[in-house]
Amino acid sequence: MAFRTLVGTLALIVATTCAVAGEARSSAAFIELRMDGARTLYTTQRLQRGAHVVAQYPDSRGRPLCCVSLKVLGARASSHRVSDLRFERPVFAYALPGLPAASALPFVGAALVGSRSERKPAMPTVCASSEGLHLLQRSGGKPGAHLYMELGYGVQPSCDEGLLAQFD
Amino acid sequence: MATTTAAATPRKELSGPQWVARFPTSTSLDDLAPPFRRNVGEFISAIEVAGGTVRVSATFRPRERAYLMHYAVAVADGSIAPSRVPSMAGVDIEWDHGSDDKSRAAARRMAVGYDIVYPPSLDSRHSERSAIDMTISGVRNKKIRNAAGDDIQIKHDSDLHRVGSSYGVQKLRSDPPHWSDNGL
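As you go down the protein sequences, you meet chains A and B in turn. Positions 35 to 202 (the working numbering) are the ones given, in order, by the first sequence. Positions 8 to 191 (the working numbering) are the ones given, in order, by the second sequence.
Derived from the structure by calculation, the hints contain no laboratory data. This structure is a prediction, so every number in the text was calculated from the model and none was measured. For every residue, glycine included, the Cβ atom is placed at its ideal position computed from N, Cα and C. Certain hints may be false.
Said to hold, decoys possible - Computed spacing ranges between beta-carbons, pair by pair: (1) Val-102(A) - Arg-45(B): 48 to 56 Å; (2) Arg-123(A) - Gly-145(B): 15 to 23 Å; (3) Asp-108(B) - Leu-99(A): 35 to 43 Å; (4) Gln-25(B) - Arg-95(A): 28 to 36 Å; (5) Ser-112(A) - Ala-155(B): 36 to 44 Å; (6) Asp-93(A) - Pro-41(B): 15 to 23 Å; (7) Leu-99(A) - Arg-45(B): 28 to 36 Å.
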């Protein structure tokens, strides 16, 4: 009985460790959809063509749904200024497969680079401040990644100030 | 704002990408309202005297631009009928092309031209001439003179924010480049 309990405990530790490791391997990113159908990924990771991405997509009202699996097409010159507020790493932009322009809504959501769980991964939070968008990801229960996309125009804020303060 | 009717006045110009270049965002301090204009100028001078660099990306954003951006998206995504878009004084735009498909396609081309990736709002401190977006660099560990004449060592962002505040230039912490007269 004690042996079974020990084996069970060890299995739980191994499973938890693997899950945490899997989470640690995935990196938070923005996915952006323009009204011409162009989709862009913004990440602090250097990616190769064909790199795997799990990303949110918009419903008919622009609300985020989870998730689609996409592959990177190649590097893209960035038109928006995205910065890494927490670790000040450089941010890279990558082209993703586009959508038909007629069905594209303006949308910015969360994505994970290197995620192994495609069904319902724990996605980072995306919210708006007065003139930009924040991507917030916890790691081990603590504030982790914090990317910021400067829009260059005013938007309706949606961020919880308390949550943002935790990532300051 | 009064709403338009379906009947277009002849002097109105149909919506489309040619509108995007009109009512541009300014980067000139001269387009800010006093006393904020003077306050910002003094703050920037203090930074530059200390050896820092300031790059201004936006000061005044006309309300007309916010109106055009907001309704370009709303018409394009179908959340408002083109015939129901409120009119705005000084913006003689006709959103209704006579068919929903044409109206939405023209609005979509505008939204693409504006580089919109998230629905714009109608209000902003920039439209009040009371906000500035600027990137400040090269000030860490330098001393900047505040409005009271004290030299403040900049160790953290909050030190710079306090210096700005002494000049009446308040930081909106949630948006890194954004400063205004009231912190909003």
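Results for each hint:
no.	hint	in the structure
1	Val-102(A) - Arg-45(B): 48 to 56 Å	holds (51 Å)
2	Arg-123(A) - Gly-145(B): 15 to 23 Å	holds (20 Å)
3	Asp-108(B) - Leu-99(A): 35 to 43 Å	violated (26 Å)
4	Gln-25(B) - Arg-95(A): 28 to 36 Å	holds (29 Å)
5	Ser-112(A) - Ala-155(B): 36 to 44 Å	holds (41 Å)
6	Asp-93(A) - Pro-41(B): 15 to 23 Å	violated (46 Å)
7	Leu-99(A) - Arg-45(B): 28 to 36 Å	violated (49 Å)
The earlier numbered hints that this structure contradicts are 3, 6 and 7.
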